[in-house]
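Number of protein chains: 2
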Amino acid sequence: MTSMTESLITFQPMGRRIPFENGGTVLEAAHAAGIQLHAVCGGKGLCGKCKVQVRGYESYTEEETKFFSTDELEQGFRLACQVIIDRNLTVYIPEKSIVRKQRILVEGVTRQIVLDPNVQKIFLKLPKPTLEDQRTDIGRIRDSIEPEISRVSIEALDELPSVLRDSDFEVTLVLLGSELAGCEQGDTSQQNYGAAFDIGTTTVVGYLVDLTTGEELAVCARMNPQISFGDDVISRINFGQARENLEKLTNSLKACLLEIIDELSEKANVSTDEIYELSIAGNAVMHHLFLGISPRSLAVAPYVPVVKESLSVRSDLYGKRMYVLPIIAGFVGADTVADLVAYPFDHRLRMLIDIGTNCEVALGTKDHILACSAAAGPAFEGMHIKHGMRAAPGAIEEIEIDDDVTVKTIDDEKPQGIAGSGLISATAEMVKWGIIDSSGRLQRDHRFSSRIQDEQFMLTDTISLTQKDLREIQLAKGAIFAAQQILLKTYGAEVTDLEEIVLAGAFGSYIPKESAKMIGLIFDLPTENIKSIGNAAGVGAKLCLLSKAEREQAKDISEAVEYIELSSRADFQQEFMDAMYFPHSHMELFPLVKRILSETSPYFAE
Amino acid sequence: MTSMTESLITFQPMGRRIPFENGGTVLEAAHAAGIQLHAVCGGKGLCGKCKVQVRGYESYTEEETKFFSTDELEQGFRLACQVIIDRNLTVYIPEKSIVRKQRILVEGVTRQIVLDPNVQKIFLKLPKPTLEDQRTDIGRIRDSIEPEISRVSIEALDELPSVLRDSDFEVTLVLLGSELAGCEQGDTSQQNYGAAFDIGTTTVVGYLVDLTTGEELAVCARMNPQISFGDDVISRINFGQARENLEKLTNSLKACLLEIIDELSEKANVSTDEIYELSIAGNAVMHHLFLGISPRSLAVAPYVPVVKESLSVRSDLYGKRMYVLPIIAGFVGADTVADLVAYPFDHRLRMLIDIGTNCEVALGTKDHILACSAAAGPAFEGMHIKHGMRAAPGAIEEIEIDDDVTVKTIDDEKPQGIAGSGLISATAEMVKWGIIDSSGRLQRDHRFSSRIQDEQFMLTDTISLTQKDLREIQLAKGAIFAAQQILLKTYGAEVTDLEEIVLAGAFGSYIPKESAKMIGLIFDLPTENIKSIGNAAGVGAKLCLLSKAEREQAKDISEAVEYIELSSRADFQQEFMDAMYFPHSHMELFPLVKRILSETSPYFAE
Ligand code: FES
Ligand code: FES
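As you go down the protein sequences, you meet chains X and D in turn.
Just so we're aligned: 375 in the numbering used here is position 367 of the first sequence, and the numbers increase by one with no gaps anywhere.
Just so we're aligned: 311 in the numbering used here is position 303 of the second sequence, and the numbers increase by one with no gaps anywhere.
Fair warning: there could be bad hints in the mix.
Identical copies carry no separate label here, and so any pair may be met within one copy or between two of them.
What the hints assert, rightly or not - 27 Å max Cα-Cα, derived DSSO-like pairs, lysine-lysine:
1) Lys328 to Lys422
2) Lys262 to Lys476
3) Lys328 to Lys262
4) Lys256 to Lys394
5) Lys262 to Lys563
6) Lys133 to Lys374
7) Lys136 to Lys563
These are calculated hints, taken from the structure and not from any lab test.
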């Protein structure tokens with residue numbers, strides 16, 4: 009079927025065959041056949057990415073001798089962009105030469121993304137300047153790659169002439185977006201790393217990511233050092249009003265991130281020089297405080313942030329470029345945006361709850377999302393709770409009450425205190441067995457009454473849950489549930505419309521779902537419709553390192569999500585009070601829980 | 009002629025009248041009438057720029073009360089964008105409200121340019137956040153101005169919340185291109201300054217410019233401190249090969265620019281905080297060394313620069329943004345680009361000669377320009393000349409020989425030495441009166457023979473021109489003239505096609521034109537066709553501060569000018585040797601000079 013001026017090109021191992029014009033290149037033919045080959049130099053024979061093997065094609069270009077040994081040339085290895093079609097050819101394409109979508113596995117969610125990081129490293133064997141070729145160093149580079157360079161950093165300019173000449177013009181370019189940010193001797197294109205951060209009010213988590221594979225190489229978590237200036241966002245906002253305090257807050261956080269970067273690079277044995285970009289997600293207050301932006305505007309109604317959109321700036325963390333995810337509103341931050349990037353909403357009606365010191369709730373489908381924020385306080389992180397502690401070995405994470413009270417600790421160590429999940433579990437068991445009533449008051453007429461001592465319930469010989477602890481839990485869960493209720497009402501939906509509850513946040517994954525429903529922390533959905541996606545904010549920040557398309561996603565989310573300010577809602581106080589009951593003052597909202605309780609607790613008997 | 013839904017709007021004092029739809033604004037009507045009013049907020053009543061006076065229009069908006077007193081409102085002052093047309097109106101437009109082209113007077117050249125600096129300062133009275141208006145600070149600003157903001161600097165973000173709230177939301181924005189770079193309390197829009205620099209091999213000149221008027225407020229010149237590392241570009245290139253030397257070169261230049269900035273701001277009584285942008289023109293070597301770019305690539309053929317295009321970067325000169333003009337080639341730099349910006353070529357064939365330690369020559373018309381560079385050396389700047397000195401009080405700048413030898417010094421002070429112009433003048437007089445012959449050798453058979461002592465000619469009792477000095481002058485002018493010859497040949501033109509010679513450079517203005525022709529420094533054109541345009545490189549740098557269009561010009565020039573590398577020309581040596589003669593070994597090239605000499609000097613008798 010081919011005319012005199014066409015040849016048949018067969019691609020193996022895919023077995024695809026197409027006719028293609030003589031005079032064209034094998035690279036062009038491959039694209040025409042729907043096979044996308046790597047070709048960062050745009051087919052100029054400079055990047056060596058488009059390697060193929062061709063049968064019985066003797067000639068080769070000077071460029072090809074730079075990438076192949078004589079042996080390899082004899083075996084038919086060629087650069088697809090250099091092979092001019094003049095006869096029927098069979099072309100074998102090695103796996104490595106093909107552009108593929110990558111399946112990225114992250115905790116809780118698996119997403120298939122195109123690995124297309126903002127940081128690109130391109131290895132090139134450049135032609136050297138001659139009397140006939142007097143292009144500038146930058147001009148030479150511009151002409152040799154496909155991606156357009158719109159800016160050149162002054163650092164890149166400063167190192168360029170020496171790097172080029174010391175490496176005999178075989179260099180790896182570092183592109184950040186369309187900026188030429190650096191230039192390294194030889195082929196370092198495989199050493200390309202980024203670090204993603206989730207800056208929470210209480211915890212900062214960093215991830216080291218290999219940008220060439222998408223793999224996570226190390227994780228490192230630290231306490232947010234700002235804790236010494238205040239437990240929750242409100243106290244930090246107040247503290248940060250004064251210029252010198254703001255500096256303290258900002259600097260402590262920067263020092264923390266630097267430590268994390270050092271630890272990550274040590275753990276993964278990666279030089280900090282090879283980390284080219286940071287991606288930062290944090291709630292709105294952390295966002296401002298980290299960037300050194302005064303939180304003044306977040307202190308007074310209507311709580312407007314100074315800036316919502318994402319920022320790409322040079323940090324003073326080793327001078328690395330930094331992508332800061334966009335935020336949604338004064339109290340719904342980049343962590344929520346990152347959650348939604350990690351676990352994109354589809355057509356089903358979903359409620360996403362990111363439980364931290366500040367709790368963000370989002371409700372909707374891909375077409376319309378509402379979000380709000382509830383000041384839960386740090387109770388679930390063990391603060392203000394008599395025997396509260398962080399989720400560390402020895403922390404009680406589960407409690408079972410039947411004949412006796414059984415506690416399960418992390419790593420089965422001797423009980424040291426109660427973790428957030430333990431608090432929820434204990435409270436749920438106490439509600440279930442009538443140790444507390446619906447209003448949260450400790451009761452004495454049950455078989456564990458001997459464990460009630462001085463307004464506290466002894467879980468073990470030494471560890472107890474006090475009446476005051478229970479009040480803290482009621483306040484926290486009341487705020488979180490009221491937020492969910494208001495969103496549902498505003499959306500104009502019923503509980504029965506809700507198809508999925510998604511629990512996010514470092515702590516979210518450990519929440520015992522049955523217990524969470526029992527105490528009325530979340531709506532009473534069948535457990536199979538409740539999903540834990542772990543620290544999705546960190547995942548979202550990682551995805552934004554790995555793919556520019558995910559940054560577009562983040563932008564769209566930040567613009568599209570509708571923010572609901574709870575403090576401006578006349579019905580919030582009522583909802584909050586109703587939600588402080590266990591599970592709720594309107595029992596009809598919790599039909600599944602109600603059925604259980606009616607059998608186990610005297611306070612819920614029909 | 010107006011329908012029911014149209015009214016007649018009369019604009020005074022221009023007396024223009026048009027019908028315009030009711031419901032439209034006076035601002036829209038003015039534009040429709042071809043009268044361009046200032047309107048940086050795009051007609052939102054926030055910038056107060058569109059002030060007009062309207063007869064008998066009682067109502068006014070809340071925005072207008074922010075800009076006018078009750079008295080003014082009663083006198084009919086209004087914001088054109090707020091006046092809704094509902095009847096025939098007569099509108100008086102104050103001078104200040106109209107956008108005009110500005111005539112910018114600069115030394116030597118007057119250009120009419122649209123004042124459109126990259127730095128824009130916009131004063132706004134912003135609406136405050138309320139429960140109904142929860143826009144972010146940045147969103148609020150974006151919505152309030154016409155120019156689009158594509159980036160926000162982290163510094164602007166950091167100061168924004170406090171500046172807005174401390175100034176009751178009446179602020180002046182600082183835009184650098186489309187970047188929001190800063191925010192100041194109150195109306196500071198009239199304090200908007202920039203500094204332009206011409207970095208020469210020997211001299212650095214700085215200019216302070218008022219970006220709201222185009223006026224030059226102060227000038228300050230300093231020796232280039234790199235002189236202590238080498239006189240000319242070649243020795244600096246060699247010295248700058250080693251990293252630590254490069255740093256010395258770069259840092260000394262930065263320190264020099266900082267001193268100049270300080271002096272400029274002191275002279276003009278302008279705070280350095282109010283200088284928002286620097287514009288830098290320099291030859292290619294200065295360009296690289298100033299930016300800290302290794303001059304390695306300029307050390308070996310084919311002498312490619314690392315980068316040609318303009319750069320917009322943050323400097324470490326008080327952290328100011330800096331626009332660096334583009335260059336043309338390894339030895340034709342931003343100074344030449346700036347010359348051509350200051351004095352754009354038109355349809356006539358022109359030769360532009362920028363005489364400095366390095367001499368750049370450009371030839372052509374607006375359609376095609378050739379350029380090259382000649383290593384003239386610093387002789388005309390007084391270096392390597394026995395009694396050479398810079399153009400300072402007491403420097404001989406002119407010599408006349410008739411009955412006696414008369415010297416004229418700068419400021420008529422006691423002669424201290426010879427300036428560049430004096431060198432040319434003295435040499436010309438000596439050629440004219442046969443004190444030297446065509447080959448430059450000192451002769452003794454003339455009436456001033458008593459002034460010849462030890463191979464030198466005494467200009468005064470103490471100041472002389474030596475045979476060695478004359479050789480330096482011959483080398484310098486030989487190189488400069490050979491460059492002109494080669495360009496003319498390459499262009500395919502004859503001397504007779506040449507319509508104008510333009511002398512640029514700080515020194516260029518002081519060159520005595522008749523003498524320059526007499527010694528063969530420039531072609532023998534009628535004096536009225538020889539023009540001095542002064543330090544055009546500085547002027548070009550200033551224009552680039554004042555107008556973005558001029559930056560576009562600079563870009564086009566840098567891309568379009570064709571560079572001729574003299575060292576690769578086989579005919580250069582011959583041209584150079586021929587040009588070392590006074591005026592030239594081919595006398596027919598200098599018909600006017602020849603006629604004079606044939607009457608005054610025995611060495612040129614017919
Ligand atoms: S595309 Fe073939 S070598 Fe780059
Ligand atoms: S255009 Fe009228 S106030 Fe800005």
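Consistency of the hints with the structure:
For the homomeric pair lysine 328 and lysine 422, neither the shortest alpha-carbon distance inside one copy (43 Å) nor that between copies (60 Å) is at most 27 Å. In this homomeric assembly, lysine 262 and lysine 476 never come within 27 Å of each other (Cα to Cα): the closest approach is 36 Å inside a single copy and 65 Å across copies. Taking identical chains as interchangeable, the C-alpha atoms of lysine 328 and lysine 262 lie at most 27 Å apart whether they share a chain (12 Å) or sit on different chains (25 Å). Taking the shortest Cα distances, lysine 256 and lysine 394 never come within 27 Å of each other, neither inside one copy (30 Å) nor across copies (63 Å).
When the C-alpha separation of lysine 262 and lysine 563 is checked against a cutoff of 27 Å, the pair qualifies only within one copy, where the shortest distance is 25 Å, while the shortest distance between copies is 40 Å. Proximity of lysine 133 to lysine 374 under the C-alpha cut-off of 27 Å is found in neither arrangement, the shortest distances being 46 Å within a copy and 38 Å between copies. For the homomeric pair lysine 136 and lysine 563, the shortest alpha-carbon distance between copies (25 Å) is at most 27 Å, but the shortest distance inside one copy (42 Å) is not.
Hint check: violations occur at hints 1, 2, 4, 6; the rest are consistent with the structure.
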